[in-house]
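What follows is the residue order along each chain.
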Amino acid sequence: MPNQNGNVYGLTILSPIINAPAGDVSHDCAIRDYLASLPRDHHSPFAKISSTHLARLVVMDDVVFVGTPAREEHLKSKYLVFETNFDGDLDAYLASMARDAPDEVHAVWQHCVGYPGTQDPAAFAAYMKKCQLETTFFFADVNDKTVQQTLRALKVQAGVAHFIESNQGKSPAEIQAAFRQFLDKVRHAPEPLAGEYERTHVPARGQGAVVRTQPLAGEHEGQPNG
Amino acid sequence: MVNLNVADIQGFVLRGYNFPFARYLLLELAGPETGRDFIGQIIPHITTGQRWDSKPRSTVNIAFTHKGLSRLGLPDATLLSFPVEFFQGMKARKEILCDTGRNACENWDEVWREQTVHVWLGVHGLTPSALDERCAVMEQIMQQTAGARLLQAQDANAIFIDNKPCNKEHFGFSDGFGNPDFEGVDRHSQPGQGKLTKEGNWVPLATGEFVLGYPDEAGELPVAPVPHLLANNGSFMVYRKLHENVASFRAYLDELSRHYAGGREKLAAKFVGRWRDGTPIELSPDAPDPALTADPNRNVNFTFGRDLDGVRCPIGAHIRRVNPRDAFGFYGQLVNRRRISRRGLPYGDYVPDGEPVSDTDDRGVIFMVINASIFRQFEFVHQQWIEYGNDAHQGSDKDALLGNHDGHGRFFIQGTTDPQNPPLVCSRLPQFVELRGGDYFFMPSLTALRLIADNSVDPR
Amino acid sequence: MTNINGKTYAMNAITPMNAFYTPILKLIFFILGHVKPLQADLINLSFIHFARWVVVKRHKFPRLSEKQPEEHLHYDYLLFFSNFNGTWNQYIDAFADVLSNGLNLIWRWSAKFPGSRPVTAFKRYIALVQFDTDYYYVAYPRATANDVKAAHRVNAALEDFARNSKDMTPADFGSAYLKFVTQVQADLGATGIGPVGT
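Residue numbers (our numbering), protein chains in the order written: chain A, 1 to 226; chain B, 1 to 460; chain C, 1 to 198.
If you are wondering where the hints come from, they were derived from the structure by calculation, not from laboratory data. Any given hint might turn out to be false.
[Said to hold, decoys possible] Ranges of calculated distance between the beta carbons of each label pair, as one might list FRET restraints:
#, chain 1, residue 1, chain 2, residue 2, range
1, B, V351, A, E191, 52 to 60 Å
2, A, L90, C, G115, 52 to 60 Å
3, B, G176, A, A36, 19 to 27 Å
4, A, C29, B, G176, 26 to 34 Å
5, B, Q420, A, A95, 53 to 61 Å
6, B, P352, A, E191, 55 to 63 Å
7, B, E106, A, A95, 54 to 62 Å
8, B, A77, C, V196, 40 to 48 Å
9, C, V196, B, S189, 31 to 39 Å
10, B, E114, C, K179, 26 to 34 Å
11, C, V196, A, Q119, 24 to 32 Å
12, C, A162, A, E191, 43 to 51 Å
13, B, M1, A, C29, 55 to 63 Å
14, A, G6, C, A162, 21 to 29 Å
[To be verified] In silico contact screen, one side only, chain B against chain A (beta carbon under 8 Å); selected entries:
#, residue
15, S257
16, H259
17, V425
By construction, the Cβ of each residue, glycine as well, lies at the ideal position given by its N, Cα and C atoms.
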């Protein structure tokens, strides 16, 4: 099933954009304007559609003329491309779009032909499936870990590095005690935020100012590290 | 077999000369006519790539920044055909190079910070007097033609130990191994300097990686300015003055080696990938091996394919970062277009280990790179492999010795359960090396120099 | 620069294909999808999170209403979407250096494709057929594919170590801890800000 690779689904949607030359709204420009203002970090609507690993939206104006002897031709409509890579099931994902980010979905897709709104999730899902293209070949480097598993693992990785660094040279008994505390913190860490640009201990663009060290999973500012 | 036109290529493009004394004259050109006049007078002095029957007492080579070429009155179409990084100059590339913080141009020498260098005139001498004599001749030509004025003379010289020149730099590491071997160059080729074949043999790299006008590793003539005649047999040079904080380095080694069972020297070796005498730790992980180091057939002849976990040579060690060899798989192919040919000499007074030394003393290395594409070779290695670590699977970690850490860096030394080779985290890495200036230069062929001097560059 | 989010670049490309060739390309993709070792090189290059190719037959552009004009096209189209780490130049250089046969196999059916080597003509072609991303979301923007894989390894190692060392004496714990450190020591690079252009 080429849309799927392991536990990851590669959805490709091509939604024709409304072309109303007589109207005073250029729908493709409106989409672009809206997308330019949409946050891309953990405030992104895709953070709310939380099974999303990576997703993009692209207004495709036309096909490309590659030069003679290839023929010149043009699309009669512009298309909104939606390429997304998410965990699990297509129906669950489309339902999540309509339920968890209805405003943003509406703001984008209202400019597309045949969009029925998000109030009726079944109609929305049917509409999206009509726009779906079958992915011919889908490559996934990691295809068996969810978004949450990945975010947690990244926090754990940082935490382990920090733990090893902080406990270097200590006695086995000390390390063992510290390790128990560390594990406790890891196990009780809150869900990491999808889409977040974590603070790191690399100063931004050489400012040289002291920046706090990378937080352990679940650590709050000011607490000593385990 | 490539036939290099060695009479037309400047010698410095093909080899580093190995002279113990150098003076890099940084010049400003007066104007197009007097500037061309100056170049016309310099041409007979330029050392070419031809073989020497007997070593000359001094050598001269010349290279230009984009502003220098512009001052000489080259046609706009030619000036625009140079690569964008050369046009911009090194100062403007600071975001890409991470030349920020302690490496920012606010901290550079005045000549690089405030002034505009047009010409690099590299004079090398076997003795200080040979050097002075040659420089006096250069000075004379400058005055006679009124074509150029000296902005600064940067002296550099090999470190002398027991009255003999050696190949060490101020941190105590022996340097200058592993310059790439490429086709057509008349040199004793050492196994390990070129590129790897599928069968694991070493062969020379394509000439076009280092000299314009010859096929490169991508199977084409490298991107070059127009016309061909201006570009062919020329190359691009990067010049960087690297200040070394020797006190910080020694203090850091002292402090950290208290936690490291392998000892201070091994720790230093793990940073670089060679013991301080030059022995590659990949081949000799437990102790330096002078016989190995002295043997040209062995001292660069190694790969990392059997040390992928980094327990002999750490994954983030300096020489492994800048030349990963086969560490990325694909029998080393991903590295072939990222090789750089290095030149340079230390500057400043040498203080042996154990004697008092200060970070504020003026000492370091004048570091130069010869490559066909500054963007694809030097800038890539610096940006992606020194100031970053993703290709080596080391995340955002920087090169321990050269990285722009400013007190925040981290370096993992991989180890084993053997108590003499334990894992170690080096944290809060200080800034060991600081940039004090530099720029990007074009080193034309002799033909190109004549074209420039005669004002007959035609871009078509 | 909206093509990039954190350390990942979203590349989109569309190339025209003579419809006669489309079944051949589909067969090639079918084989690629089912003969896993052929994907080994992509996995070893290790700088792509996800990538996909989508063949759009000329009559199959979605049409949602009678009012929407029907497309009358001569060519089928090959869409390509990649989510990769590193700069644009680095990405294309790497492919041209080590996977040029694979690239040729996929794109030789596209009109005016110049071949993936030498790389300069190939880069010109890509620049022509690439179109820019308007909005790009990445759930883990500061992590590359390498970082993600390393993190999963570290996490698994930590769980094993935690489970095995639960009731150990300090001395035994000390040895087990050392072993654990040697297991994860190559996978602890910091995630953080990447270089400009990546």
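Results of checking the hints against the structure:
1. B:V351 <-> A:E191: 52 to 60 Å: holds (55 Å)
2. A:L90 <-> C:G115: 52 to 60 Å: violated (37 Å)
3. B:G176 <-> A:A36: 19 to 27 Å: violated (52 Å)
4. A:C29 <-> B:G176: 26 to 34 Å: Distance hint for A:C29, B:G176 is violated at roughly 59 Å.
5. B:Q420 <-> A:A95: 53 to 61 Å: Given range 53 to 61 Å: holds, Cβ gap about 59 Å.
6. B:P352 <-> A:E191: 55 to 63 Å: For B:P352 and A:E191 the Cβ distance comes to about 56 Å; the hint holds.
7. B:E106 <-> A:A95: 54 to 62 Å: holds (56 Å)
8. B:A77 <-> C:V196: 40 to 48 Å: Violated: the Cβ-Cβ distance is about 29 Å, outside 40 to 48 Å.
9. C:V196 <-> B:S189: 31 to 39 Å: Hint holds: Cβ distance 37 Å, inside 31 to 39 Å.
10. B:E114 <-> C:K179: 26 to 34 Å: violated (56 Å)
11. C:V196 <-> A:Q119: 24 to 32 Å: violated (44 Å)
12. C:A162 <-> A:E191: 43 to 51 Å: Violated, since C:A162 and A:E191 (Cβ atoms, about 20 Å apart) do not stay within the stated range.
13. B:M1 <-> A:C29: 55 to 63 Å: Given a distance of about 60 Å, which is inside 55 to 63 Å, the answer is holds.
14. A:G6 <-> C:A162: 21 to 29 Å: Given a distance of about 26 Å, which is inside 21 to 29 Å, the answer is holds.
15. S257: violated (12 Å)
16. H259: Cβ of B:H259 sits 5 Å from chain A, so the hint holds.
17. V425: holds (5 Å)
Of the hints listed earlier, those the structure fails to meet are numbers 2, 3, 4, 8, 10, 11, 12, 15, in rising order.
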